[in-house]
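Enquirer: Here is how the chains run, residue by residue.
There are 2 protein chains.
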Amino acid sequence: MLIVQKYGGTSVGSIERIEAVARRVYETQQAGNEVAVVVSAMSGETNRLLALAREIHPDPNDREVDVIVSTGEQVSCALLALAIRKLGGKARSFLGHQVKVLTDSAHARARIKSIDSTNLVDCLKSGTIAVIAGFQGIDENGNITTLGRGGSDTTGVAFAAALQADVCEILTDVDGVYTTDPRIEPNARKIDRISYEEMLELASLGAKVLQLRSVELGMKYNVPIHVRSSFKPDEGTWVVSEEELVEQVVVSGVTVNRDEAKITVREVPDEPGVAVSLFKPLADAGINVDVIIQNVSADNKTDMTFTLPRPDRARAVEILSKEHAQLTNRGERISWDDSIAKVSVVGVGMRSHAGVAQKMFELLAKETINIQMISTSEIKISCVIDDKYSELALRALHEGFGLHLPADQRGDVLPR
Amino acid sequence: MLIVQKYGGTSVGSIERIEAVARRVYETQQAGNEVAVVVSAMSGETNRLLALAREIHPDPNDREVDVIVSTGEQVSCALLALAIRKLGGKARSFLGHQVKVLTDSAHARARIKSIDSTNLVDCLKSGTIAVIAGFQGIDENGNITTLGRGGSDTTGVAFAAALQADVCEILTDVDGVYTTDPRIEPNARKIDRISYEEMLELASLGAKVLQLRSVELGMKYNVPIHVRSSFKPDEGTWVVSEEELVEQVVVSGVTVNRDEAKITVREVPDEPGVAVSLFKPLADAGINVDVIIQNVSADNKTDMTFTLPRPDRARAVEILSKEHAQLTNRGERISWDDSIAKVSVVGVGMRSHAGVAQKMFELLAKETINIQMISTSEIKISCVIDDKYSELALRALHEGFGLHLPADQRGDVLPR
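Protein chains in written order, with this note's numbering: chain A, 1 to 416; chain B, 1 to 416.
Each hint should be verified, as a subset may be incorrect.
Said to hold, decoys possible - Straight-line alpha carbon distances no greater than 16 Å define the calculated EDC-like cross-link-like pairs of lysine to aspartate or glutamate that follow:
(1) B:86 with A:55
(2) A:208 with A:234
(3) A:90 with B:62
(4) B:86 with A:59
(5) A:86 with B:59
(6) B:86 with A:62
(7) B:90 with A:173
(8) A:86 with B:55
(9) A:90 with B:59
(10) B:90 with A:59
(11) A:86 with B:62
For the record, the hints were derived by calculation from the structure and aren't laboratory data.
Pulled out of the complex, with its shape left as it was, chain A reads as follows (with noise of 0.2 Å):
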């Protein structure tokens, strides 16, 4: 087997982890696989960097900053590559630069166009193990980029890609992806396997297992991802595809997101393009909007509605007011709220199964949890409500669509 294994920043966040991680990583080996290991910095180290050059600058610039952040993964991958050598392995590194990992150029959050793998074949046919930096690209003009938080996954599955891998194994600190978080409600289960369909909302929603974006990479070239603990060797979760599933459950997982503010706008003129005057100017901002909700109009005015993350809100309302202002002059009131929190329920099979949502909802209700907005997908249905139900709200769905139980013994807590 082709083996991509991808570890994050706690797994080699010291000389002993990055030993035992080498002692996985050799010992996948010596069973007869080619592997090939992408790794984060350091944990700590990305962030100690980027204090660094705020210290220096308190706006610094993105070209800069990747070339100092991305030292971090530089030094982890050539330090993993000493330690399987030391077990008396063959170990290679491979920086950004030198396998040519091609990105556009949005320092700080690029995009991976292409990745020139030749190298690595030639490197893995001759036994040594490929220690890949991960997090880290060039642009066109050779210049540093980085992926963004969670680029290690990314740089991964791209690889497994790439090299027509036949598993990414994502090793990290938890055991897999479970039905909700654990921190929370104790029930919470191990997912055995998950549609990339359904990891891309969880990861959307804030399950901070995988990066978004190396799931989508891996729906795009069906790279089966395998993500599993790097402190034991116990199966973790699969996401695949849906066609590989070999029982579709209605609801996958539940999550909450605390992380989203509210603003609404109110007195709106209803009239074609009050979208756009409101939207584009957030967009042009880098802000990404979220839920929208829009009123039914009255008197042609109506109010709208929507969440963004939290650390962009006042920002948000500051170019609200000043572009709304210019726009009508008629004194739109604009009100926020901090304190939401957006609780989701996941599952394909929703698709086929209706009633999920009216189920959601009198679940919360028998809480007495007030719904605020709502918003659903094909495969998933979010509440926004008052954060401080959050916890209270993601045990009574965890529990209400039988998650705490293993998944064929689910059936009859599900609608009919």
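Use these hints to put chain B onto chain A, whose structure you have.
Expert: Okay, now just chain B, sitting in the frame of chain A:
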């Protein structure tokens, strides 16, 4: 003017010092110059990274060590670029692989073969300050290489040569090159101008102001090198070609090297090929032998004595004992002495001025210091003495050759 400035690790050893360097660089540019800057790693960083590598592997692979230690300069050059930008200047960092500092593949002690300065020329023309990572390059296969201790000096001079700069300024924590080590002889004087040849001798004799290879490059491409303080604006020492020296002094400087040991092999058969049999195994082991003396032969046997770096002494004795016993089986006796020092006087004036050696021997004799070995070149005389006399010898020679006086007042202390 086009100026290349090189700042050492102490000069960029903290955020405050990087900011001070940024001001100096920016002022130099604002005075109407094009400026390229070469920086070392922040002081202590290279050692920290080396220690990390050695924690993983007691004898770490050179290729991977270069990947690790080169991050020191990667970080410092981007930080300096950020600091210049903060002052309102335009600046851009360049790594070894981005300006194609092509070297051979001798990791940890690579030699620069060529530089592609096209990007830099465009950068400088546009009013941007180029901040270049010192010490690092890439070989033909894109592997990261480093140039060895002090390698940033060489990077600086190499870029000055490639850019046909008017001067390569080496900004450091001392004021310039001194007639001798001011920590031993408080009357040491800063030298205003010195020839490449003399500087080469001083550097190879242990004056640690400039890396030897950087002086060789300066001489080859006739790059004026200006060694000066990074903390003060004062003129330092100009290293130039002999023709540009205003007046030739007979003796420019006195040095002491206390890092060598002496090995004597007694009763070696005095026949052709014996020197090869002695020194080839040492050369094969990468041990550089310095001064060699062969005694006048008696009974077809002779004694060979040589000096070498003290850390290599134990290994050399082991190699010689083994190899040489095999060759002759005559039980040559090998002895060694770690308590030696090599004092040297250097000056281009020796070429035309006889009697300098005589004067040196007299000055040492007057202090009743016994000379164990003598070695000369066209512009240098070295004597190996007992290490305990090294400071005394240095001070005696410094005063005896009048180096405590301004250059134009030294006439009468010199032999006629």
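Enquirer: For a C-alpha distance cap of 16 Å, please report whether residue 86 of chain A and residue 59 of chain B respect it.
Expert: holds (9 Å)
Enquirer: Is the straight-line distance between the alpha-carbon of residue 90 of chain A and that of residue 62 of chain B 16 Å or less?
Expert: holds (14 Å)
Enquirer: Just to be careful, I want the Cα atoms of residue 86 of chain B and residue 55 of chain A compared with a cutoff of 16 Å; is the pair within it?
Expert: holds (11 Å)
Enquirer: Taking only the CA atoms, is the gap from residue 86 of chain B to residue 59 of chain A under or equal to 16 Å?
Expert: holds (9 Å)
Enquirer: Residue 90 of chain A and residue 59 of chain B: Cα distance at most 16 Å?
Expert: holds (15 Å)
Enquirer: Within 16 Å, alpha carbon to alpha carbon, are residue 208 of chain A and residue 234 of chain A?
Expert: violated (20 Å)
Enquirer: Hint check: residue 86 of chain A vs residue 62 of chain B, CA-CA at most 16 Å. Holds or violated?
Expert: holds (13 Å)
Enquirer: Is the Cα-Cα distance between residue 90 of chain B and residue 173 of chain A 16 Å or less?
Expert: Distance of about 43 Å is beyond 16 Å: violated.
Enquirer: Holds or violated: residue 90 of chain B and residue 59 of chain A, Cα atoms, limit 16 Å.
Expert: holds (15 Å)
Enquirer: When you check the alpha-carbon spacing of residue 86 of chain B and residue 62 of chain A, does it fall within 16 Å?
Expert: holds (13 Å)
Enquirer: Between residue 86 of chain A and residue 55 of chain B, is the straight-line Cα distance small enough, at 16 Å or below?
Expert: holds (11 Å)
When the structure is compared with the earlier hints, violations turn up for hints 2, 7 and for no others.
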